[in-house]
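Please put together the full structure from these sequences, using the hints given.
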Amino acid sequence: MSNEFRLADRGRIDRDRPIRFRFDGGDYEGYQGDTLASALLANGIHQVATSIKHGRPRGIMAAGAEEPNALVQIERPFPEPMLTATTVELREGLQASGLPGRGQLSTGDDPARYDTMHAHCDVLVVGAGPAGLAAALSAARSGARVIVAEADTEFGGSLLGSGETLDRAPGTEWVRRATAELAACPEVRLLPRTTVFGHYDDNYLVALEHRGEQAHSRQRVWRMRAREVVLATGSHERPLVFAGNDRPGTMLAGSARTYLNRYAVRPGNRAVVFTTNDSAYAAAIDLADAGVEIAAIVDAREVVSTHWASLCIERGITIHADTAVVSTSGTDRVSSAHLCSLRSDGSRTPSVRQVVGCDLLLVSGGWNPAVHLHSQARGSLRFSEDIGAFVPEQDVRSVRSAGAAAGLFATSESLRSGAEAGRDAARAAGFDAEPGRLPRAEKAPVLASRSVWLLPSPADSDGSTRFVDLARDVTVADIRKATRAGMDSVEHVKRYTTLGTAHDQGKTSGTLSTGVIAEMLGRDVAELGTTTFRAPYTPVTFAALAGRDRGDLYDPVRVTAMHDWHVEHGAPFENVGQWKRPWYYPRPGEDMETAVLRECRAARESVGIQDVSTLGKIDVQGPDAAEFLDLVYTNMMSTLKVGRIRYGVMCTADGMVFDDGTVTRTDEQRYLISTTSGNAAGVLAHLEDWLQTEWPHLRVYLTSVTEQWATIALVGPDSRQVLSRVASGIEVGNDSFPFMSFRDGLVAGRRARVCRISFSGELAFEINVPWWYGREVWEALHEAGQPFGITPYGTETMHVLRAEKGFPIVGQDTDGTITPDDLGMSWAVSKKKTDFLGKRSFSRADTARTDRKQLVGLLPADENLVLPEGSQLVDTAELPEPPVPMLGHVTSSYRSAALDRGFALAVVKAGRDRIGETIYSPVGDRLAAVTITEPVFYDKEGARRDG
Amino acid sequence: MAEPYAESPLATYTEVLSRHSVPGRIDIAERPFVAQVDVRVDPKSPAAERIGTALGAMLPNQPGEVAVAGELSVLWLGPDEWLILGPEGSQETIQDTVNAALDGDHAAVVDVSANRTILSITGPKTRELLNKGCALDLHPRSFAVDRCAQTMLARAGVILVCRDTQLPSYWVIVRSSFARYVADWLADAAVEYGSGSG
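If you read the sequences in order, they're chains X and G.
Take 1 as the starting number for the first sequence in the working numbering and just add one per residue.
Take 948 as the starting number for the second sequence in the working numbering and just add one per residue.
In case anyone wonders, no lab produced these hints; they're calculated from the structure.
None of these values were measured; they are calculated from a predicted model.
All C-beta atoms, glycine included, are put in the ideal place defined by N, C-alpha and C.
Hints may contain errors.
To be verified - If you want the ones that stay clear, here's a sample from chain X, every Cβ over 12 angstroms from chain G, calculated:
| # | residue |
| --- | --- |
| 1 | Ala8 |
| 2 | Pro57 |
| 3 | Arg102 |
| 4 | Glu154 |
| 5 | Glu213 |
| 6 | Asp289 |
| 7 | Ala477 |
| 8 | Glu519 |
| 9 | Val557 |
| 10 | Glu590 |
| 11 | Gln708 |
| 12 | Pro860 |
| 13 | His889 |
| 14 | Leu899 |
| 15 | Asp925 |
| 16 | Phe937 |
Claimed, not checked - One side only, chain X facing chain G, incomplete, derived with CB under 10 angstroms:
| # | residue |
| --- | --- |
| 17 | Arg113 |
| 18 | Arg145 |
| 19 | Ala183 |
| 20 | Glu187 |
| 21 | Leu190 |
| 22 | Ser217 |
| 23 | Arg223 |
| 24 | Thr560 |
| 25 | Ala681 |
| 26 | Val700 |
| 27 | Trp772 |
Unchecked claim - Label-pair restraints from in silico Cβ distances:
| # | chain 1 | residue 1 | chain 2 | residue 2 | range |
| --- | --- | --- | --- | --- | --- |
| 28 | X | Asp432 | G | Ala1082 | 42 to 48 angstroms |
| 29 | X | Lys833 | G | Ala1082 | 51 to 57 angstroms |
| 30 | X | Thr693 | G | Ala958 | 39 to 45 angstroms |
| 31 | G | Ala1082 | X | Asp875 | 54 to 60 angstroms |
| 32 | X | Asp201 | G | Val1138 | 29 to 35 angstroms |
| 33 | G | Gly1036 | X | Pro111 | 45 to 51 angstroms |
| 34 | G | Ala958 | X | Asp549 | 23 to 29 angstroms |
| 35 | G | Asp1111 | X | Gly870 | 53 to 59 angstroms |
And the structure:
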């Protein structure tokens, strides 16, 4: 029968809004306002899953995030593994199944959005129970910016489940009014369904909001910075350790009360209540009044509260003082509880005195303040003997715990401490706050609890059915094994047994395990302490953390002014850092190799055009600019004449090549330097670092201008003619415009700076125009080049052309262990300068070795072979037994149109001394013979650069 | 020869941006070709003072301060760095003004007008939209009119300027190569407010 265990009245469910759902293949009905767990219980289902290690039936034990057992796999609306049934909001069409501890990820794409929001506030209140609401009201009334984050679907916390009254009205009425007042404050943001899962330095807190399937994003990660934080996170009830304490039907007493009062669910017909404190009596009374037979209250204390005892007597409920439940029976559900006296009677093994039949066993071993966030914020804890739990020792700066989170369990105390914390927080943030009037809560006298860890166990002497961590199936026997192995710290026992490492991070088992270990070792609970509380407080999906940084927005894509032209002309793109650079421009029917060979021929024989805007550009100026550049480049830059350009190499202090590029002296005290495309930001940071920390006396300013300019390389013997057709005010002849100089003038009617720089060995010009004119000037040059068959080319052709000339690429032919000399670039290292970055390192023994890996060329004996880049190089045609001595590796390798064969650059030990020798490279399962050559393969005399 | 034309970094995004604007909630548009001149000079030098006099507003010396002088805005970017914004085409005049005030003293005056472009975002949802990718506190109590900051918007470095707290309205000044990424990101983030359809 549907909703057989649902009460006709009470509760916060909406009986007019039934919700159909499916669980483990069965169809059920619940109501709006239910969780999956409350809806299952209303249908008489306690067992949800089986346990991870022993496969024992497990039921719903709690009513919130602390649930250790009731793990479910959501199948619809979208597969989500490992959620607790107690925190899954019931929704139409929900389909779920119980899990034996492990879930399954979806194999399909998740259609939902996940996103992020940053927020700031004066006071962040975590938790909207009585303490949190009181705190939020005090702070909000002062005008402070307040955020209230509550994990539950509605505000109210314990008031939702306890049925308590405030000012003689239902407590939920006060919750309604408080929430309405907060919602009306313009500077207050209310976040229900939002779990704060991490508390980091300087009050940076991260939360996950469950926004639902209909929302714009299913989940939203809130990254919040709060001046002051009030932690009103409540507390978790602790179970008790006895044989068979894991049978379905065993439930935390407070949770049973919540199911009854909030969800109108009768969690059983006949209950035994086992407690060490007063709180379970309230549950027993509420359940009794709702028609549940309370077969017995078993209280571990010698003396019980007269207040509660009289209420029990009125209802005919039997109380067994100084007694414990020591074991249970039942198959898929608890069927009886076995009672045993705790009275000490010498050394005799205690025995079961009474068996009480029941289908519900409520337990309460006390309450643990939810100190997770306090602890993450580096707040210390102390063990309170009064409540038998760890409480915040003292607040850390700008963080205040209130209510049950601070160990104050009475509602009146929660309200008071919350209001004070809210007031103090607002005041600390600079607002004039008062606590305001608080509603009056009922007060019952509280009799001290008894801390009980290990109970006598007549039925299970080794403890293998006495569960401490139900989620991980860790028993007393497991812990004993750990302590007998010599472990005497909770952290060690945790790692040995996996205790506290499940989805619930030991919310119900943490303090309990400390108590059990302490008792086994004969030590003090306070001294043993807890394991470290780490974020996240509850599980968070990676999808939520990724937010919108996925797919096309995964990482910024940087494009140049001519990007669309490249797209329109069919270029595939190569990623260079975050840049998209055209790779090659295939014509119909061409593969990459054919296209690249054609592009190479064009650049060598007529004219090619390439977008080189991605090169980094830094404006360097000041009276000491020349001195500065002399310090950061290996070569001399101060002697460069205005109007001229010089290639330069930068090393880090260890003497290794860091970057390279050109230095253009545009004025007496002004230079424009270029960097490699992927390293522009790195070079600027490197230069600023040296300038600001080591040479602050140098009067130099650096300004990044990378995107100010669109840069077009016009390359090949016909480039001069193409340029002359669109340039004005620039003499393009070799005598008037020599290699490595620049001219300012008009190109295609736009003011341009034209440089004679060549990265191919051919006659070449680089035309710089402001970004806005990049595409226009590119198109003009492309049009002007038509009579010459101008050919756009991409990075692959550029690589081939430069490799034919033996020009290395920093980051491809170098890897941070290569010096300029290794590259054969000693010519670029000044012998005259007294100092520059890297100079001292060049005289280190290791840097001066003659058998370092040096850049050389390689020609495979098989002319058609293009060696794979990264291939290793060895001495012999047959591989010897390992370890095989490695000579070096291939850094660049291509097919050359000019040479009509494959060729490569490589770094080889003492390579320059071995030119002409044959070495070998494993290619597939053979060894290919290759001849070591000079790294320059084409136009060794450099005759082509002037056209 | 092709007709000469200048193309701002988001010239081809006009339609995308307007499609992702929602009347009364959020408006996203490029402000192309705004003149931008980067100035670096010792803030305590007489030259800095002369520049202030010439511009009509002292170079702001508080982090994130923006000084306004007629059509010019001077953004504090660092202890010795400012970005001067002016009307389209005024970059030469601005440089001439600053250089004249320098009178040969040590400084750097660099035209960076094309180095970045500007996205103007206006409307009641602006702060929320920006806070999806910007960690700064944009509440008017913290980030008032004529405040600026160099910060991250999603995964791109930007300069953010508060132009109006009532509308509210902000400028996102972004490197030209990152402009499309930021525009795509904004368009995606604005979908929540009903944009992107039609």
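Against the structure, the hints come out as follows:
1. No Cβ of chain G approaches the Cβ of X/Ala8 within 12 angstroms, the least distance being about 42 angstroms, so the stated non-interface status holds.
2. Chain G leaves X/Pro57 outside its interface by the beta-carbon criterion, the shortest separation being 44 angstroms against a cut-off of 12 angstroms.
3. Distance to chain G confirms X/Arg102 as a non-interface residue, since its nearest Cβ pair spans about 34 angstroms, more than 12 angstroms.
4. The non-interface label for X/Glu154 is consistent with chain G: the shortest C-beta to C-beta separation is roughly 24 angstroms, beyond 12 angstroms.
5. With a minimum CB-CB distance of about 15 angstroms to chain G, X/Glu213 clears the 12 angstroms threshold, and the non-interface call stands.
6. Even its closest Cβ contact with chain G, about 47 angstroms, leaves X/Asp289 beyond 12 angstroms, as expected for a residue assigned away from the interface.
7. Residue placement check: X/Ala477 keeps its beta carbon more than 12 angstroms from all beta carbons of chain G (closest about 49 angstroms).
8. At the 12 angstroms boundary, the C-beta of X/Glu519 stays outside the reach of chain G, the nearest C-beta of that chain being 48 angstroms off.
9. The non-interface label for X/Val557 is inconsistent with chain G: the shortest C-beta to C-beta separation is roughly 6 angstroms, within 12 angstroms.
10. The claim that X/Glu590 is not at the interface with chain G holds, since no C-beta of that chain comes within 12 angstroms of its own (minimum 26 angstroms).
11. The Cβ of X/Gln708 sits about 4 angstroms from the closest Cβ of chain G, inside the 12 angstroms cut-off, so the non-interface label is violated.
12. Against the 12 angstroms criterion, X/Pro860 stays outside the reach of chain G, whose nearest CB is about 39 angstroms from its own CB.
13. For X/His889, the shortest C-beta to C-beta distance to chain G comes to about 33 angstroms, beyond the 12 angstroms cut-off, and the non-interface label holds.
14. Against the 12 angstroms criterion, X/Leu899 stays outside the reach of chain G, whose nearest CB is about 36 angstroms from its own CB.
15. For X/Asp925, the requirement that its beta carbon stay farther than 12 angstroms from each beta carbon of chain G is met, with the minimum near 44 angstroms.
16. With a least beta-carbon separation of about 34 angstroms from chain G, X/Phe937 lies farther than 12 angstroms from that chain, consistent with its non-interface assignment.
17. Evaluation of the X/Arg113 hint against chain G yields a held restraint, the C-beta minimum of about 8 angstroms falling below 10 angstroms.
18. A hinted interface residue such as X/Arg145 counts as satisfied when its beta carbon comes closer than 10 angstroms to some beta carbon of chain G; here the least separation is about 7 angstroms, so the hint holds.
19. With 10 angstroms as the threshold, the beta carbon of X/Ala183 stays out of range of chain G, its nearest partner Cβ sitting at about 17 angstroms, so the hint is violated.
20. Given hint, X/Glu187 at the interface with chain G, holds; its Cβ is 9 angstroms from that chain's nearest Cβ, closer than 10 angstroms.
21. Taken as an interface hint, X/Leu190 does not check out: its beta carbon lies about 15 angstroms from the nearest beta carbon of chain G, beyond 10 angstroms.
22. With a least beta-carbon distance of about 8 angstroms to chain G, the hint placing X/Ser217 at the interface is held under the 10 angstroms criterion.
23. This hint holds: X/Arg223 has a C-beta 7 angstroms from the nearest C-beta of chain G, less than the 10 angstroms allowed.
24. Interface hint at X/Thr560: satisfied, since its Cβ lies 7 angstroms from the closest Cβ of chain G, which is below the 10 angstroms cut-off.
25. For X/Ala681, the interface hint holds, the least distance from its beta-carbon to any beta-carbon of chain G being 9 angstroms, beneath 10 angstroms.
26. With 10 angstroms as the threshold, the beta carbon of X/Val700 comes within range of chain G, its nearest partner Cβ sitting at about 9 angstroms, so the hint holds.
27. Hint status for X/Trp772 relative to chain G: holds, with the closest Cβ pair at about 4 angstroms, below 10 angstroms.
28. A hinted range of 42 to 48 angstroms for the beta carbons of X/Asp432 and G/Ala1082 is inconsistent with their spacing of about 29 angstroms.
29. Between X/Lys833 and G/Ala1082 the beta carbons are some 44 angstroms apart, a value that contradicts the proposed interval 51 to 57 angstroms.
30. At roughly 41 angstroms, the beta carbons of X/Thr693 and G/Ala958 sit within the given window of 39 to 45 angstroms.
31. The hinted range of 54 to 60 angstroms is satisfied by G/Ala1082 and X/Asp875, whose Cβ atoms lie roughly 56 angstroms apart.
32. In this structure the supplied range 29 to 35 angstroms holds for X/Asp201 paired with G/Val1138, their Cβ-Cβ distance being about 33 angstroms.
33. At about 48 angstroms, the CB distance of G/Gly1036 to X/Pro111 agrees with the hint of 45 to 51 angstroms.
34. Range check, G/Ala958 to X/Asp549: Cβ separation about 27 angstroms, and the 23 to 29 angstroms hint holds.
35. G/Asp1111 and X/Gly870 have their C-beta atoms about 56 angstroms apart, which keeps the hinted 53 to 59 angstroms range intact.
Going down the numbered hints, you'll see the structure goes against 9, 11, 19, 21, 28 and 29, while the others check out.
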